[in-house]
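*Asks:* Here is what each chain is made of, one letter per residue.
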Amino acid sequence: MKLLEVRNLKTYFDTREGVVRAVDDVSFSLEKGEAIGLVGESGCGKTTTALSVLQLLPKEGRIAGGEILLNGEDFAAKSEEELRKHRWRDVSIVFQGAMNALNPVMKVSRQIAEALLLHEELTEEEARRRVLALFDLVEISSSLVDCYPHEFSGGMRQRAMIAMALACGPKLIVGDEPTTALDVMVQAQILALLGKLRREFGMAMILITHDLSIVGANCDQVAVMYGGKVAEIGPVGKVLRNPCHPYTQRLLKAFPDIRGEREMVQSIPGFPPNLVTPPPGCRFSPRCDAAREICFSREPAMRCVEPGHEAACHFAEERS
Amino acid sequence: MENAKKLALHRKRKQFVEALFRSKMSLVGLAILVFFVLLAFVGPLLYDYDHQEYGAGEMLEPPSKAFLLGTDDLGRDVLGELIHGAKTSLIVGVLATLISMVIGTVVGISSGYFGGRIDAFLMRVTDAFLVLPWLPLMLVLAALLGSSLWNIVVVIGVTSWAGTARLARAQTLSVKERQFVERARSIGAGHVYIMRKKILPNVFPLIFSNTVLVSAVAILSETTLSFLGMGDVLRPSWGMMLHYAFEAGAVSVGAYWFFVPPGVCIILLVLGFAFLGHSFDEILNPALRRR
Amino acid sequence: MNSEYLLRKIFHSAITLFIVLIINYFLFRIMPGDPVSMIMRNPNANPSMLAQVKSLYGFDKPQLVQFAVYLRELVKGNFGMSFFYRQPVIDVIGSRLFATLVLAFAAEIVAIFLGILLGKIAAVRRGEPVDAAILGFSLVTYAMPTFWLGIVFIAFFCVHLGLFPTVGMYTSGVTFAGFADKAVDLAKHLFLPAVTLAVVIVGGYSMIMRSSLLDVLSEDYITTARAKGLSRRDVINRHAVPNARLPIITIIAINLGFMIAGALQVETVFSWPGIGRLMYEALKARDYPLLQGIFLIVSFCVILANFAADIMYGYLDPRIRY
Amino acid sequence: MKQVREGMTEHIVDVRDLKVHFEIRRSFLDTLLGRNKATVKAVDGVTFSLRRGEILSLVGESGSGKTTTGRAILNLVAKSGGEALFDGASVSNRDREWNRMFRKKAQMIFQDPYQSLNPKDMIVDIVSEPLRIDGDHHDQEELLARTVEALEFAGLKPAETYLYKYPNELSGGQRQRVAIAAAFILSPDFIVADEPVSMLDASVRADILNLMVKMRETKNTSYLFITHDLSLAWLISDRVAIMYLGKIMEIGSHRIVAGSCVHPYSRALVDALPTMEEKPRERALLKGETPSPVKLPPGCRFSPRCSHVRPQCTREEPELRCVGEGHWAACHFAEEFLSKSGAGDPVPLQGEENPSCAQ
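Protein chains in written order, with this note's numbering: chain A, 5 to 324; chain B, 604 to 894; chain C, 23 to 344; chain D, 245 to 603.
Okay, chain A solo, but in the shape it has when bound (with noise of 0.2 Å):
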C-alpha cells in the first residue's frame, strides 16, 4: 500500500469574481519514505495542493472532489474532530516565513511541547526532555531552550519549525518552501538536515519550490504543476534530463546551468493563466510555441512516455 494517494484532487476557491479552480484534476502517489517535488510559477497550485493534503485550506477554499488517502484512509471525507487525531502524528508542515510560522509570544520549546502533550501521553517533565533531543537533532544550542521565536535567527527559526514537525514522527512532512527566504548557505543547511532526518526516521516528504535546482538533489519524483494541473510528472532524474512537456522544457531553461554552458536564460511569454475561466483545450496551449489545432480545444490525458514518466501533452511522445 502506498503511503499517500491523491487521487483526481480538486480544490476550488469561492471568490468575488467566480469560482477559482486553484487544483484542478490532480493526482500523485507517494511510497513511504520517497519525496516528491512541487514545483512550478506562482499561482500554479502547489501551495494550494498541499493545504489540501493537511486539510489547512482557508475559509473560502473547499475540496469539490477526489480523495486523499494516507494508509489508505480518505482524509478528505473525514469530520475535523477525526482529522484532528492525525494532523501532526501522521503528517506535519513546515512552511516557508517560520518568523510568521511560529507564535511570537510563546516560547519555542512550548509550542514544540505543546504538539508533544497534545498527541502523546507524556508529562511535562518528559516533554521537555523530548524537546531537547529535537533540539539536538535539528542543531540548535540547548542554551536557546527558553528563548522565543524573534530572538532566533532565521535559519534557527527554520530547524525549530523542523524540530517541531518530526517531534510525533510523523509519516509524511510536507514543505512549503522551506528554504525561500533563507541565504544560500542556510539553505543548503537546512536542506541537508532534512534530507538527512528523512533518511534516519524514513518519512516521506512533499517539497513545494519555484526552484527546480533543489528538486534535484532533495528529492525522487517531482510534479511540474501549470495552471492547477500537473504538466509533468515521474522520477527526478528523468523528468529534468528528459523533459517531455513543453512548459516543463521552457522552465528549464529559465534557469542557469552554472556547471554548463553560459548561455542566457529564456523567458515563457504571456501569463499564467485566469483560474477562474481557463482555456479551454490544454492550459498552457496559449503559451506554448508548439501548439497545434488540437490543443486548443481538447485538453490533453496524462501520456507515459517511459515507465513511471507521464506527461499531460497531446505530443509527448514526441518530444521525448
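Treat the hints as calculated values from the structure; they're not laboratory data.
Check before you lean on any hint, since a few could be wrong.
[Stated by the list, open to error] Anything over 10 Å on all C-beta distances counts as not near chain D; from chain A, calculated:
1. Ala54
2. Gln59
3. Pro62
4. Cys151
5. Tyr152
6. His154
7. Asp187
8. Gln191
9. Arg203
10. Leu255
11. Glu303
[Unchecked claim] A few chain A residues that face chain D, going by a derived Cβ cut-off under 8 Å, partial list only:
12. Ala192
13. His214
14. Asp215
15. Leu216
16. Ser217
17. Ala258
18. Ser271
Please read these numbers as outputs of a predicted model, since none were measured by experiment.
Cβ coordinates follow ideal geometry from the N, Cα and C atoms, glycine included.
Model the placement of chains B, C and D on the given structure of chain A, informed by the hints.
*Replies:* For chains B, C and D alone, coordinates are given in the frame of chain A:
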C-alpha cells in the same frame, strides 16, 4: 496627454464610486447623511417654525396632530427644534474634523518622516494631548473663548488631533521604508517633494477613513458641550435640546418625546459617518485589512 | 522586557507629564478674570491691599519664576486654594476621589470583560448573525452620547419602573446599621451609572478585539496550530487571543481620557459626587485653582495608566525590547 | 565595445577603501551614562572599480554589505570613510550642477517591483518623473514622446496601453520593466541594480536580464549588479566580487563562481548552490550563520568559520591581492588553493580585453 490622464483619473474615481455603491454599509451611511443634510439645509425652508416663538403649544404637551413630536418646556414644537438643530451638528462634525485632520496629518507626517529629535518632541506633545482630560479641556477652552459655534469648532478641532497624528506617523514610518521613496531620492527629489508626492498620497487613505470616525467624536463632543451648558445659546442644536430637557425635568415627568428624538438623531448621524468611514476603509485600504 | 525598556518609558512619561504641566499652568494663566480679585472677593479692596495680595501670591514676579514656584509647591503637595470651597485643592479633590474611582473601576472592569468576550464571539463567528448583532450593538453604543443614555436609563428604570434610586451615592438622611447595609445601598446607587458608563465604552473594546482577532486568525502560526491538531477552541484561546489582546491594552489606557469624559457626564446626570461633577461645578464657579488641580490629577492618572499599560505590554509581548 | 573618449576616465566608478558604519541605536542607559556606542561596520573597506560598459556582480549573503555598498556609491547613505568616485569626482560632491548631472547619469533599479513603484502614481508619471524632477523644462509633448520611447524599449508595447495604468494593474515582470524604463529614460551611464529579479518568477527573469544587457549594448551602460544568486551573477556579469561581512573576499572574472575561486568562503558558497544533479556531491557545508557585523573577529573575518584556518588567519587580516590575471583574493593562502582549484590556467575571457591586475 492631459486628456488621457484625466480620463484615467476619472476611471479611478468611477471605480471608487462603484465600489462605494456596491457595499450595503456605505449605502446606508450615505443615505443617512443625505437625509440629514437635506433635513438641515432644506428642512427649515419647508417646515414652518420659529425658535423664538414660545408658547405655541402647552408646556411639555405629548405628541399630537398639531405637534407631531409634542412640545418642549417652553411650549415650542419639538419637531421644529429638531429640524433646526441638525445644521449645528453637521457644521461642527465637518469643520472640526477638517481642523483636526489637518493638524494631525501635518504633525504625524513630519514626525514620522524626519524622525530623531523632531519626532521625539512632536510625539511627546501628542502624548500630552492624548492624556489631557479631553472633555474638560474642551470645556475650559470653550469657557475661555466663549461658546460661539465657531469657537466650539476650533476647540474640538485643536483638542482631537492626537489620535490622527499617531496614525499618520505610524503609516508614514511604514511608507518611508518602501523602495519608491528611496527611488525618488535616488533621482534627486527633495524632502518636501517626497512628503507631498510620495508619503501623503499613501498616508491619506488611512487618515481619511479614520477621519470619518473622528467626525463622529466631533459630533458627540459638540452635543456634550451643549448639554453641559457650554453650547452656543443662540443656535438650536440637539445637545441644547437635551440640556433644556434635563434642566426642565422632562426626565422625571417621563416626557420621552422631548429627549428621545434628539438622542436618536445623534446616534443615526454618528452611525452614518461611522458606516461611511468603515466602507472607505474597506475600499481604500484593502491591503491593510485583509478581509 | 528589560530595564532599558522600563527606563525609556519612565523618561517618556516624565516628559509628557512636564508638557502637561506647562500646558496646564499657562492655560489657566490666560483664563479670563483677574486671579487677585478672585481671591479677594471684595469689591472694595484698595490698591495697596491689592498690591499686598499680589506680592503675597507672587503675581508680580515674571511668569517663569511663577511657574518655578508653582512647580516647587506642587512637589510639596500644595495644589493651591480653592476659590469656592476656601480649602486646599488637594483636600477638596481627595474628598471626591473615592466616588469616581468606584464608578470608573466598576464600569471599566465590566466593559473590558464584556468587550473582549463579545469581540471574541464576533470574530470566531464572523459573518454569522451573531457577528452582525454584536457589531450592530457595538456601533450603536459607540454612537451614543453618554449623558443621553444616562437620561434614558433614569427615565426608564428609575422613573418608569422605580427600580433604582436616581441620585447620589447613598440614600441621604439614612444612618446605616452596618457596613453591609451601606454597601448594599452603594451598590443600588452604583448600578445604573456604572452600567451607563460601561455600555458606552464596551462597543469600542469589542470592535477592536474583533478586528485584532481577525487579523491574528489569518496569521501563519494559527495555521501551524491547526496543523498540529489543536481543537478550534485551543487554537483561539491559546494562540490567537494572547496575540490579539495586545492592542486592547494600549486602547484601554488611551481610552482612560474618554472614561473621564464619560464619568463627567454620568456624574452630572446621576448627581454622583465624584471628580467629574466637581470639575463641572468648578467650571461653573470659575474656580480655576480647583480646575487646575483636577486637570493635573486626572492627567497624572492617565499618564500613570498609560505607563502601566506599557509595562504590561512589555510583559505580555516578548518582542518588546525598546 | 569599450570606447574611452577623450577626457573621460577609463573607470566610470572607482571605489576606494569605502566604509559605511552605522551607529546602532544606543540604549537609553548607555546614553545616560555616556558609554561608547556600538557600530555596525556594514561596509568596511571595499575597493573596486567599474569600467565603462562593464557588468560587475556583487555577491554575498544578507548582512554582507552588498546593498549598502551600492547605496553608498549612489550617495544614498553617508559613507564613514574612503571614497567613491563617479567619473573621477567624489559622489559626496556638494556642487549643485554636478549633483544634477550625477542623479541623471547614475540610476538605481530596486529589488521589489511591488514596493519600488508608488502605487498612487500612474505609469506615465513614474517613468517621466526623472525628467520632470531634474528641473530642466521639457514640454509635455517631448515628455510623452520620451516616456513612450522608454516604455517601448522596455518591451511594454504598445506603450499607450500602459501609460495611464497604475502599478497594481500590472504583473510583477511588467512592473520591473516600468522601473527599467524609468531608469532608461535618462540614458544613464551607470546603474546599480539591487537584486532586480529576485522577486520575480523564473519564467520572466530572463526578460529583465536581457533588457539590462540590451541597454548596455545600446548605451554602453555599466552595471553594479547586486545579487545573492551566484548562478545569476555567473550568467550576466563580466566580473564578480564576493563579499563577506563588509569586505570583498574575492574578485575576478565570472568564472570564479563556476568553480575557479580560491577563497575558502567563495568555495563554500559555490558548494552550497543547489544543483539539478540527482546524486549530490559530497560537500562540506559551513556551520552556523553569518555572524553580526557588530563584533568582528580579529584577523581574517572569515576565520571562525573557515575549515582551513591557521594561526596566521586569526592574527592578521589578509589584504586583497592579485592571484592571477584580474583575479584578486583576500586570503593568506590563496595561492595554495589556486593550485588546488585547478583554476591556474589563465584562459583569456570572452569579451574582456586586457584583463590586467590593475583593477
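*Asks:* Now tell me, hint by hint, if it's right for this structure.
*Replies:* Going down the list of hints, with the structure as the test:
1. Ala54: Check passes; 19 Å lies beyond 10 Å.
2. Gln59: Given that every Cβ of chain D is farther than 10 Å from that of A/Gln59, nearest at about 28 Å, it holds.
3. Pro62: holds (21 Å)
4. Cys151: holds (15 Å)
5. Tyr152: holds (18 Å)
6. His154: holds (15 Å)
7. Asp187: violated (4 Å)
8. Gln191: Violated: least Cβ distance 7 Å, not greater than 10 Å.
9. Arg203: holds (13 Å)
10. Leu255: violated (7 Å)
11. Glu303: With a cut-off of 10 Å, A/Glu303 remains clear of chain D, as the shortest Cβ separation is near 22 Å.
12. Ala192: holds (4 Å)
13. His214: holds (7 Å)
14. Asp215: Hint on A/Asp215: holds, closest Cβ of chain D at ~7 Å, below 8 Å.
15. Leu216: Nearest chain D Cβ about 7 Å off; hint holds.
16. Ser217: holds (4 Å)
17. Ala258: For A/Ala258, the interface hint holds, since the closest Cβ of chain D sits about 4 Å away, which is under 8 Å.
18. Ser271: For A/Ser271, the interface hint holds, since the closest Cβ of chain D sits about 4 Å away, which is under 8 Å.
Checked against the numbered hints given earlier, this structure breaks hints 7, 8 and 10; the rest are met.
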